[in-house]
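**Student:** Sequence:
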Amino acid sequence: MIDICNSSRLKNPYFALMNYPIYLDYNATTPCVPEVIEAMIPWFGEHFGNAASKSHAFGWMAENAVDEARENVANLIGAQAKEIIFTSGATEAINLAIKGTFEIFNGEKQHYITCQTEHKAVLDCMKSIEEAGAEVTYLSVDKQGNISLADLRASILPNTKMICLMWANNETGIIHPITEIAELAEEKGIVFFTDAVQAAGKIPISVEGVHLMAISAHKLYGPKGIGALYVRHNHSLPKPLAQIHGGGHEKGFRSGTLNVPGIVGLGKAAELIMSEMKAESNRLEKLRDLLESKLLSLEDTFLNGSQNRFSHVTNIAFGGVEGEDLLRKVCQKVAVSSGSACTSISPKPSHVLQAMGLDSDLGRASIRFSLGRNTTEKDVLDTVEWVEKVVGDLRGI
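So the sequence shown is residues 1 to 397, counted in UniProt numbering.
If you are wondering where the hints come from, they were derived from the structure by calculation, not from laboratory data.
Wrong hints could be hidden among the right ones.
[What the hints assert, rightly or not] Derived DSS-like pairs (lysine-lysine); straight-line CA-CA distance at most 25 Å:
no., residue 1, residue 2
1, K329, K82
2, K188, K224
3, K333, K389
4, K389, K378
5, K54, K99
6, K294, K378
7, K294, K82
8, K378, K329
9, K99, K109
10, K99, K188
11, K120, K224
12, K82, K99
13, K120, K239
14, K333, K378
15, K109, K127
16, K333, K294
17, K109, K188
18, K278, K378
19, K378, K286
20, K188, K239
21, K389, K294
Work out the full structure, taking the sequences as your base and the hints as a guide.
**Tutor:** Structure, rendered in structure tokens:
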């Protein structure tokens, strides 16, 4: 029997009182680390100024804090501080990048290239600009979730305005060949936008050859409700048009009073994770491999995806069980998901797994396990014990 309260959880007595399960859904969100919370607290009360108030010390303090955070975020992705635009999160950054680019080319015939396995925020934006007159090519993937660079090159048209491909997939952890994609976009003079939400803070990334990049704080142990869009400066390709107006904040790209506590939290999270990234990746890979090897030893289980993926993610299909029952029962003691948190309420199989050719039954019976900072070996072993029991019970073994 798993002792939920004595397992590592989130090292906070509140969680033990709530009787929370083991948490293996770090791709959905991560807890704010204590250092981030501590850094944020003064900006809710003691230093409450508006960063746009240029005439007094309250505003100056807030502005300085935002500038420092902007520098930390830029350092995480190899950018310049002036290229970081703070948003309410990655979804807003994605909307600004795609819709803002579509609007800058208003009146022209426009073509966009993306992939069937992108996050819904990207796919829904693409649907929106399609309805407004754009043509969109949705690249397919192979059974392991990889795109074909030859297909990408062949899809480029004279009026292609943007290549939009995520750095790494949120459901399978598959990493796309970003360097090669960026080189192709540069060669053809096309805007390259990448959703790097899952990659930032997990693996070293760089904005070299990238024109637009979205990141989010709550995926790297920062607060929810804050993210950023990298916008490349000193380049001939146009920058996106603002989608939120009213004051011209963030160099005119995103109006609205800045969320100073959130920005400070994102900056602190970016600073911390840079020093921990390599060691943590190695630690999680060992735990992930342990979890994966034990679960894949069960009869009729399959790995969704390839080995070219994050070290903390595994997506496993369990044959011979009904997906909704599987997820509901597993989540009684282990918090996991069947796909993106944004679509987790849907009974439909994951669009990512469907694009990879997985049949509907196996798609619904697939679970994403994503490990993180507080995951221990005991968590992994307890998870294996519980999943084995659930699968056995559902199969009538």
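**Student:** Against this structure, judge whether each hint is valid.
**Tutor:** Cross-check of the supplied hints:
Distance check on the hinted pair: K329 and K82 sit about 48 Å apart at the alpha-carbon level, beyond 25 Å; violated. Our distance criterion of 25 Å between C-alpha atoms is broken by K188 and K224, whose separation comes to about 36 Å. As the CA atoms of K333 and K389 are separated by approximately 11 Å, the hinted pair is consistent with the 25 Å bound. For the hint pairing K389 with K378, the CA-to-CA distance comes to about 17 Å; that is within 25 Å, so the pair holds.
With a CA separation close to 31 Å, the supplied pair K54 and K99 exceeds the 25 Å bound. Distance hint between K294 and K378 is fulfilled; the C-alpha atoms sit about 14 Å from each other, no more than 25 Å. Using a Cα cut-off of 25 Å, the hinted pair K294 and K82 is violated, with the two alpha carbons roughly 47 Å apart. Pair hint K378 plus K329 holds up; C-alpha atoms about 20 Å apart against a cutoff of 25 Å.
For the proposed pair K99 and K109, the alpha carbon gap of about 15 Å is at most 25 Å, so the pair holds. Restraint check: the Cα-Cα separation between K99 and K188 comes to about 21 Å, which is no more than 25 Å; the hinted pair holds. For the proposed pair K120 and K224, the alpha carbon gap of about 18 Å is at most 25 Å, so the pair holds. Of the supplied pair hints, the one linking K82 and K99 holds, its CA atoms being roughly 22 Å apart against a limit of 25 Å.
Distance restraint check for K120 and K239: the Cα-Cα separation of roughly 23 Å lies within the 25 Å cut-off, and the hinted pair is therefore satisfied. Distance hint between K333 and K378 is fulfilled; the C-alpha atoms sit about 13 Å from each other, no more than 25 Å. For the given pair, K109 sits about 16 Å from K127 by alpha-carbon distance, which is consistent with the 25 Å threshold. Using a Cα cut-off of 25 Å, the hinted pair K333 and K294 holds, with the two alpha carbons roughly 18 Å apart.
Note on K109 and K188: the hinted pairing holds, with a Cα-Cα distance of about 17 Å set against a maximum of 25 Å. Restraint check for K278 and K378: the C-alpha separation of about 22 Å stays at or below 25 Å, so the hint holds. Distance check on the hinted pair: K378 and K286 sit about 13 Å apart at the alpha-carbon level, within 25 Å; holds. Simply put, K188 and K239 have alpha-carbon atoms about 17 Å apart, close enough for the 25 Å limit, and the pair holds.
Between K389 and K294 the CA atoms are separated by roughly 13 Å; this keeps the pair inside 25 Å, and the hint holds.
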